[in-house]
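K.L.:
Residue numbers (the working numbering), protein chains in the order written: chain A, 380 to 773; chain B, 2 to 812; chain C, 2 to 290.
Calculated directly from the structure, the hints in this document are not laboratory data. Hints are not guaranteed to be accurate.
Claimed, not checked - Cβ-to-Cβ under 7 Å is the rule here; a few derived chain A residues that face chain C:
(1) 446
(2) 576
(3) 591
(4) 598
(5) 630
(6) 634
Stated by the list, open to error - Which bits of chain B does chain C cover? Going by a derived footprint, with three or more residues having C-beta under 8 Å, they are:
(7) 61-75
(8) 126-140
(9) 617-625
(10) 669-681
(11) 749-759
Computed from a predicted model, the values in this text were never measured in an experiment. We put the beta carbon where it would ideally sit given N, CA and C, even for glycine.
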Amino acid sequence: MPTKFTRRQALVLPAGIALGSLAGRAAMAAEPVKIGLVAALSGASAKSGEGITRGLTIAIDEINAKGGVLGGRMLELVRRDDESNPVKGQTAARELIDKEGVAILFGGIDSPVSLAIVPVANAAQVPFMGVWAAATNITRNGANPNFIFRVSAVDVLVDRALMKYATTKFGAKTPGLMLVNNGWGESNLAGLTAAAEAAGIKLAGAEKFDDKDADMTPQLQRLRDAGADTVILVGNAAPGAQVIKSLQRSAWTVPIVSHWGISGGRFPELAGSWAGKVHFIQTYSFFGPQNDVGKQVLAALMKKYPDIKGPGDVTPPVGVANAYDAMQLTALAMAKAGSTEGAKLREGFLAIESYQGLIKNYTKPFTDANHDALNENDYVMVRYNGDQIEPVTG
Amino acid sequence: MKAIVTIVAAVLVGAAAVAICLLAPGYYAYLLGTLATTALVGVGLNVLLGLAGEVSLGQAGFLALGAYGVGILTTKAGLNFWAALPLAVLLVAAISAALSIPALRVTGPYLAMVTIAFGFIVESVSVEWRDLTGGSSGLVGIPAPFGTGGTALLACGLCGLALLWFHYFARSPLGLAMQAIASAPAAARGVGISALPVRTAAFVLAAVAAGLAGGLQAALTGFIAPSSFPFSQSILFLLVVVVGGAGRTLGPLVGSAVVVFLPEVLAGLAEYRLLVFGAGLLIVLWAAPGGIAGAVARLLMPRQSAPNPKPDIDLALAHITGARGSLAAEGVRVAFGGVIAVAGVDMTAQPGRVTSVIGPNGAGKTTLLNLVSGFQRPDSGIVRVGGREITGQPAHDVARAGLARTFQTAQPFAGLSVLDNVRLGLLRGSWRGEAPANLARALLSLVGYSGSQTALAATLPHVDRRLVEIARALGTAPAVLLLDEPAAGLNDADTAKLGGLLQRLARAGLAVVLVEHDMSLVMSISDEIVVLDAGRRIAAGPPAVVRNDPAVKVAYLGAEVPAGSAAPRPAGAPLLEVGALGAGYGPLAVLDQVSLKVGRGEVVALFGPNGAGKSTLMKALSGLIRPVTGTIHLGSLELAALPAHLVARAGLILVPEGRQVFPQLTVAENLRLGATRRGDFVSAEIETMLVRFPRLRPRLNTAAGLLSGGEQQMLAVARGLLARPEVLLLDEPSLGLAPTVVAELFEQFTRLRDEGMTLLIVDQMADYALAIADRGYVLGGGRVVAQGNAAELRGAMLDDAYLGAVPAVVN
Amino acid sequence: MLATALVSGLSLGSIYGLIALGFTLTFAVSGTVNFAQGSSVMLGAVVCHALAVGLHWPMVAAVPVALLACAVWGLVVERIAVRPFVARGTNSWLMATVALGILLDNVVMVLFGKEPRALPSSLADDPWVIGNIGIFPLQVVVPLVGLGLALLVHLGMHRTELGLKLRAAVENPDAARLMSIDVTLLIALTYAAAALLAGIGGILIAPVYNVAYDMGTLFGIKAFAVAILGGLTNPWGVVIAGLGYGLVEACATTWLGSGSTQIVTFSAVIAALVLAPSGLFGRRTRVRV
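Excised from the complex, chain A in its bound form (with noise of 0.2 Å):
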């Protein structure tokens, strides 16, 4: 049965809450150091969410099977399903924070529920860790101190980057866009849009769909007779997939150019024979020779997931990717600030000197001015072979 007040209950919860926080406090020493994540674990991003929760265990693993943290105490992670609703993850970042004690948030794929947990843990003191999404205003909020870390893409500079790929590999005169229809695809339409006007183009339009549609090629139809020379698309893979569908479908041989959402879920099999010519940008990539972070990395996971049987198995590798170097990052600002205690940690970031990490050697990844800890350096662009990603060549 649910959980339902009685007046005893209601009474006496006050009191237990005020007393648990003091216990918890005074048992601190013992207990685990819990890491808390809200991602989308259900709905149509739900594959983000569990790319997410790998890449944060199999780093967490590694920093247990070496003594934990802080002389000996245990990392354990905490999930919380936001169901992609910024209200649902607001609610379940407060109760990680305030009841399961966490001492840092993990954040998933979607914007919105991100921009609804910055203020949460700005106030809370808590350090919130972005490892997906990619709304500038993120990490960029204007908070003093700000609490609020990245290790994930930043759409001002994806879209620098995207624009630049696509005017001197294609030579766009007139991109035109394809954007998904939420918070994530509107910072891309502003950085796009921006991107644009730096390198003295004019956009053909921008055209938005849902991760429901079944059917692209109205808005496609529309880019086309704008006159749009490339497609810029930004959106996750399943509806991405769509897009190439309906440009195969319309038969409009078009080069396209890709925000990295594509590679969150089985683009090849989703897009049928036109995947391999979307070029798109990525931070990592498990194919092709891989340093020995990598190599580590990718044992562990197909020790640890039996279904991830080689490098195309793991999916999304940007989520585990920048999820496991977030969460070491995280264990070394630990160690630096001596402490679990919020303003400690974050003390604790801005100290990180350097680390070797999966995504490439970071050093001084967090400062005062930038809390993103990649910047446009750190992107490559790729494609598909089958199912491989493959770096564009050439």
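With chain A fixed as given, assemble chains B and C onto it according to the hints.
P.N.:
Coordinates of chains B and C only, in the frame set by chain A:
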């Protein structure tokens, strides 16, 4: 005592809420705030669903409007929260009032669709109107009046006020009117309630509560985006009300607790949360049909009726003698799809007199009642109440003009208490104003109601429903009181009391109009009788005159009386044996210990006045009424427990009253369906029926609904015969048919009899039925009052049974 | 541009019509509908995918088994979420079907996975190109199958004994019982048929769309709008309303932009109900006193 417990409980809950908000201002306060806003939406939806009985699947849209109103006014227009919240709520009220214009033209699933569409439109607009709404990224930094704890406390406080408000609102004139419309729309119009404004009020109130909750939620979360208000949220709000208990004051609170806390308790399940949630909901819906609050209330608080102060009947008499006026109809006429139901009838009902309208079934009595009371518009003619013309006015205006009525099937407002039923009458559709309980009690006392006044009308026995309905009608202080078959289903003692009551009301100055089948009642209390047949007035005058009018006799008993009875035949072995059968409709028991036998090859007729239970018996035999008590044996088969289709499969075939052909299917298809019980139908059999009923031959591929009444009856009989019945039951086959057609039909029945078919026939053309019957039974008041062979039954006894004297027991 | 809109509008519209036809069947006989009809759409596609892709069954075997699963699901819905509530005289079947839909969606999420999958089909890989527009062969097949099925339903209703019984039950359930027709069984069968039609819709849309545990929701809502527009009890009205809805949707996207699609379609739904409160092709129910 109960009040004290309630107050103490409320204070404790309130104190707990304050404690949580102040002592644990983080997650728990936030959760409590979410609970409060959810419950607030629930309170509003409880007005719409619980009181007015309409479903909305767009409450998330109103929630979003309120939230965006506050968000935009604070972040873009720079207002503070206290100024923004009322403005936002006002905006929601205006938008919902505008939406109600299209929305309330429709009802049920159609209304649900309009609200769904509205929710999606709000979502899309909030995405598209980027300058104002911040688009998909939403609005950040919405200021709160207090911290999380304080804002949550504010939400809790408003939610508490809303719950308190609902408690009183549900019993206020407007709240009662909503429940009246939901539970019996026609009766609601009959007491002067105009449905559209009341439904609009419910719709707007529901939206306003959602808007208020939205404004609070915006302040509580500090952030809003279109994805905060998904369609699934609207479903959750509906669940809040249904799971909590629709119409219950605390229902939304309990429902919100489930919908808000259950997922939190299950939060650790992560991706399995919704799975368990779905299963849990199904279990709650299944286990607590009246919602959790309803189930708990039933367990904890048995309804006790407090001792009532002795009512003052003079008060009631003073109330009903206020208005005086006659009812006058001139040349009232109406036709439905070419069939003239009422053909230019004149009638007058004077104050202080009982005027009865009688006539055989299908004569147009109820239609006439509907025409003069505004429930149907006459094609032509004039209706006046107290000299004022009310022709074509809607029923609620006619009611306010001083005409009150009751209904053929009593229509009390089932979900309301007896007292509230009468108070609704006193209010005459007014949204405010007084409905004094002592006056309501006095009216109940006047009509002779002596049961509990706090009991729900749904729980009343049949006779009390009638009385409450009459008291309610009297509450409107009418000049004219119309009663549609008030004695149906009453026993002799109750009928006698009813007669006395009606005479007293007439003496008090009311014009009482009675449509009634019980002739002894009509003859004993009427000052004037109007007789209708086939939509025309065939006689009028005092009872003694009408009773001896030859035209009336013909109308009731049939014109061409066939000569004599059939030759006596040896009775076959019993085929259909009915033992101590009891049956009825819900609280209305109609049949009482009916036993009868039909031998193989025998023709048995059933007689008795309207309302005696003949058709009920036919329905009970054929399985249309279940459950029944007693036994029904067909040969060695026991049918009393079987549903209709298995009774038919066993070979007991009913040709139902009113033919009941499938109107859009062709004659051939109707015939084909008759043979469903057998696997060996061949289309050649249709030919045998065409030989039997040659009139059907040219109509074979015509839709059955286009056939004349006589043709439809022949079709219904032919359809029954194609089942190759063991026993064929014929219920009122001659009803509403021209004499020549009746004769033709009975010729066929005679043929069937000669072919050895076992028949059980009910027909108001008693002489025809007697002409072919071997034996017969007379029913009265749901019991067998006489039986015998045809010769024994023929005679005055039947006249009396039909035209109003107690039948003597023969045999 | 018009051609593109026509192609996608008609193809999607016929799917909506197909799913909405299921609403019509159950509503006509029982006055109830499965509000989680979208879940049946999903079930058809998911089972078909699991068999054809997961177990490498040939399509000719996978499709009938998937449809059988849908039919069984329809029976389950009627038995668990509709009949008990109708018997009590409440309209909680609405909520119960929703709850059962949530349950099915999430069970499938656990069993099938969260990730959308593709159902490959040779009919949706190589488009026919005519000038500026291309059409997957499947997009031609879909409306044909949709109309074909509507015709089949029509013929089934008018040419078979079961259909005759069904029409009788629609017109007068009590009289149908007197003809020894088991109306309760018929209601269960309409639920099975409704789920079956939805399943066909799911399998048809899967190759152009994707297969995912939550794919049905939006289809379910749009199909409900279509059913309401068509008048709930009129099968051909529903099919026409489905095509109309698909066309309006595609045209709105083409000419007004994708942002306005839902605003236009749902406003059109409201407007249509204002003009025709019982749906565009529905019969007005007479008010009886």
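K.L.:
Establish whether the coverage given for the stretch 669-681 of chain B by chain C is satisfied; the threshold is a Cβ-Cβ distance below 8 Å, and no fewer than three residues must meet it.
P.N.:
holds (count 6)
K.L.:
Should the hint that residue 598 of chain A touches chain C count as held when the rule is a Cβ pair under 7 Å?
P.N.:
holds (5 Å)
K.L.:
Do at least three Cβ atoms from the stretch 749-759 of chain B come closer than 8 Å to Cβ atoms of chain C?
P.N.:
violated (count 0)
K.L.:
Holds or violated: the hint that residue 591 of chain A contacts chain C, with Cβ atoms closer than 7 Å.
P.N.:
With a minimum Cβ separation of about 4 Å from chain C (threshold 7 Å), the hint on residue 591 of chain A holds.
K.L.:
Is the hint on residue 634 of chain A kept, meaning its closest Cβ partner in chain C is under 7 Å away?
P.N.:
Violated. Min distance 18 Å.
K.L.:
Using C-beta distances, would you say chain C covers the stretch 61-75 of chain B, given that this needs three or more residues below 8 Å?
P.N.:
violated (count 0)
K.L.:
So, residue 446 of chain A near chain C? Judge it on the closest CB pair being under 7 Å.
P.N.:
violated (34 Å)
K.L.:
Grab the minimum C-beta distance from residue 576 of chain A to chain C and call the hint holds if it beats 7 Å, violated otherwise.
P.N.:
violated (21 Å)
K.L.:
Three residues or more, CB to CB closer than 8 Å: is that satisfied between the stretch 126-140 of chain B and chain C?
P.N.:
holds (count 3)
K.L.:
The hint names residue 630 of chain A as touching chain C; please verify it with the least Cβ-Cβ distance against 7 Å.
P.N.:
holds (4 Å)
K.L.:
Mind checking, does the stretch 617-625 of chain B have 3 or more residues with a CB under 8 Å from chain C?
P.N.:
holds (count 3)
In this structure, the hints that do not hold are numbers 1, 2, 6, 7 and 11, in rising order.
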